[in-house]
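**Student:** The primary structure of each chain is shown beneath.
Protein chains: 4
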Amino acid sequence: MGSFNKDEVERVFSSAPFIADLGLEPVSIESGECRSRLVLANRHLQQDGFVHFGVQATMADHTAGAAGASMAKPGQIVLTSDFSLKLLRSAKGTHLECIATVLKAGSSLTVVESEVYCGTVDDMRLVSKATVTLAVVSPRSDS
Amino acid sequence: MGSFNKDEVERVFSSAPFIADLGLEPVSIESGECRSRLVLANRHLQQDGFVHFGVQATMADHTAGAAGASMAKPGQIVLTSDFSLKLLRSAKGTHLECIATVLKAGSSLTVVESEVYCGTVDDMRLVSKATVTLAVVSPRSDS
Amino acid sequence: MGSFNKDEVERVFSSAPFIADLGLEPVSIESGECRSRLVLANRHLQQDGFVHFGVQATMADHTAGAAGASMAKPGQIVLTSDFSLKLLRSAKGTHLECIATVLKAGSSLTVVESEVYCGTVDDMRLVSKATVTLAVVSPRSDS
Amino acid sequence: MGSFNKDEVERVFSSAPFIADLGLEPVSIESGECRSRLVLANRHLQQDGFVHFGVQATMADHTAGAAGASMAKPGQIVLTSDFSLKLLRSAKGTHLECIATVLKAGSSLTVVESEVYCGTVDDMRLVSKATVTLAVVSPRSDS
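Chains A, B, C and D supply the protein sequences, listed in that same order. Residue 131 in this note's numbering is what sits at position 131 of the first sequence, and the numbering runs on without skipping anything. Residue 1114 in this note's numbering is what sits at position 114 of the second sequence, and the numbering runs on without skipping anything. Residue 2037 in this note's numbering is what sits at position 37 of the third sequence, and the numbering runs on without skipping anything. Residue 3047 in this note's numbering is what sits at position 47 of the fourth sequence, and the numbering runs on without skipping anything.
Check before you lean on any hint, since a few could be wrong.
Said to hold, decoys possible - Label-pair restraints from in silico Cβ distances: (1) Lys92/A x Gly1075/B: 30 to 36 angstroms; (2) Arg1089/B x Asn2042/C: 43 to 49 angstroms; (3) Glu3010/D x Ser15/A: 54 to 60 angstroms.
What the hints assert, rightly or not - Derived DSS-like pairs (lysine-lysine); straight-line CA-CA distance at most 27 angstroms: (4) Lys1092/B x Lys2006/C; (5) Lys2104/C x Lys2073/C; (6) Lys1073/B x Lys1006/B; (7) Lys3006/D x Lys3092/D; (8) Lys1104/B x Lys1073/B; (9) Lys1006/B x Lys1104/B; (10) Lys6/A x Lys104/A; (11) Lys3104/D x Lys104/A; (12) Lys3073/D x Lys2092/C; (13) Lys1104/B x Lys2092/C; (14) Lys73/A x Lys104/A; (15) Lys3104/D x Lys3006/D; (16) Lys2073/C x Lys3092/D; (17) Lys104/A x Lys3006/D; (18) Lys2006/C x Lys2073/C; (19) Lys1104/B x Lys2073/C; (20) Lys73/A x Lys1104/B; (21) Lys2104/C x Lys104/A; (22) Lys92/A x Lys6/A; (23) Lys1104/B x Lys3104/D.
Claimed, not checked - Covered stretches of chain D, as calculated for chain A (at least 3 residues, CB under 8 angstroms): (24) 3084-3097; (25) 3100-3113.
Worth flagging that the hints you see were computed from the coordinates, not collected in a lab. Quick reminder that beta carbons are idealized off the backbone N, C-alpha and C, glycines included.
All chains should be modelled from the sequences, with the hints used to inform the complete structure.
**Tutor:** Written out as structure tokens, the structure is:
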């Protein structure tokens, strides 16, 4: 595992109230890649018993943000600019897992792909795939 | 206000646990258009104090689903197939509002646009815009 | 019609070989909005006799670029960063028209929506809608 | 190489006038994957000397369509429904190559990813990546 911006990645996971509320947990983090996990409960479902799109989107986005943040320079943060997600299969199971991988890290824009898997521990299937563009900014800069 | 599938739209809002958990409320519903509202709390924020992308995405998606469901035939449901969202401005304020409008209602796919506004009651600004493709299915059909 | 970067918009249309080759023509340009037109020929079609996606995408993108360029500062150019398009109906007819409108002009990113219409002069229908994110750069800057 | 719908894939490449006009050629086709190539000329460029977005989009879309068609049942055709593309780097070089891979083949929707590379024969770089949703239809069906 090479050097990476560990402080910023930890802050992204530990200081986001919506992520704590949802129950999303980091599993592993290295430069340009982040994995996360979510133990599913009834409150994560939509009206037909499937995992709500919003849960998958939040996980895909936030894990992508952590992957992008891992490659940011000290003092820089990343903010989602553009997000697109395809739902490939209905999501049912006991938990979700997400793998986010940086496709291109740029000085102002970073593009990350996130895959979301759902099922039981021994039988996880790809249920959605997202592409996330992150704006790389310095907190005092004007956006 | 013309005739529309009121039962299905009400079910979409009242029977989705993640939506109740988030606090999303319908404001008005008619054929092909749905408006919703969310009173913001600290738990809806990300690590820099802005409204989390996932909150906006959930609202944009679910309100689009209700707008699409309003035009579904009896017995049909809609499921998100594809979702893309642009974040236009950082979102800060006391509440969010969303307006979802059907762009094209088809027999198998319906396309909806959702605009998300954030701010205070007297000063709301467009913060994100989504395009949502919904698959129109009969619950017993094979997807 | 307010002041706008007329020189840059004219260059966008007159100096792009692929646009001349395709036959795309500007119809009207003002600050934040551009309209264009294309007279259809057999060479614009795909294998089933409909207008090829690539023709619609090129038109939606280039017209969006001109709309974005109209709001650029002197010396700045815009480059497509992200493009998404929904095909709403099969496109058949004698010509295409496109209206591109700036949704948000930023210092580094500009978001534009493009609507593409197809049909005959008296009967044009919306066939596709695109959202285009443009990076606003200075030609000597490093991207 | 397994069995696949070779007739439909060949038709997709040989019977599309816009593809012949552009100069796009198939390189290899198997079930669920298609590769194509384009020798670049001045007419493929935009106003700043880069390969026009529309050329890359056409290539990404059409190669995705061929990959999707390779998995279609006899009598079925695929039509682009949704297309999104990220431009990762400015494209300059002597030719383009595209690899399209089916991510999920469904009975009504197929999702394909396309990677576009640009450069010289010995030095090709990934310049854009697209996700394409194809509607799988029978030509006589109502869309």
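**Student:** So, for every hint listed, does it hold in this structure?
**Tutor:** Results for each hint:
1. Lys92/A x Gly1075/B: 30 to 36 angstroms: Given range 30 to 36 angstroms: violated, Cβ gap about 22 angstroms.
2. Arg1089/B x Asn2042/C: 43 to 49 angstroms: holds (45 angstroms)
3. Glu3010/D x Ser15/A: 54 to 60 angstroms: Given range 54 to 60 angstroms: holds, Cβ gap about 56 angstroms.
4. Lys1092/B x Lys2006/C: With a Cα-Cα distance of about 36 angstroms, the restraint between Lys1092/B and Lys2006/C is violated, given a limit of 27 angstroms.
5. Lys2104/C x Lys2073/C: holds (15 angstroms)
6. Lys1073/B x Lys1006/B: holds (11 angstroms)
7. Lys3006/D x Lys3092/D: violated (33 angstroms)
8. Lys1104/B x Lys1073/B: holds (15 angstroms)
9. Lys1006/B x Lys1104/B: holds (19 angstroms)
10. Lys6/A x Lys104/A: Judged against 27 angstroms, a Cα distance of about 19 angstroms means the pair holds.
11. Lys3104/D x Lys104/A: Judged against 27 angstroms, a Cα distance of about 24 angstroms means the pair holds.
12. Lys3073/D x Lys2092/C: holds (26 angstroms)
13. Lys1104/B x Lys2092/C: Holds, at about 18 angstroms.
14. Lys73/A x Lys104/A: Within the cut-off at roughly 15 angstroms; holds.
15. Lys3104/D x Lys3006/D: holds (19 angstroms)
16. Lys2073/C x Lys3092/D: holds (26 angstroms)
17. Lys104/A x Lys3006/D: Answer violated: Lys104/A to Lys3006/D is near 35 angstroms, above 27 angstroms.
18. Lys2006/C x Lys2073/C: Status holds; Cα separation ~11 angstroms.
19. Lys1104/B x Lys2073/C: violated (36 angstroms)
20. Lys73/A x Lys1104/B: Cα-Cα ~44 angstroms, so violated.
21. Lys2104/C x Lys104/A: OK: Lys2104/C and Lys104/A at ~25 angstroms, within 27 angstroms.
22. Lys92/A x Lys6/A: violated (33 angstroms)
23. Lys1104/B x Lys3104/D: Satisfied, since the Cα-Cα distance of roughly 25 angstroms is no more than 27 angstroms.
24. 3084-3097: n = 4 at 8 angstroms, threshold three: holds.
25. 3100-3113: holds (count 3)
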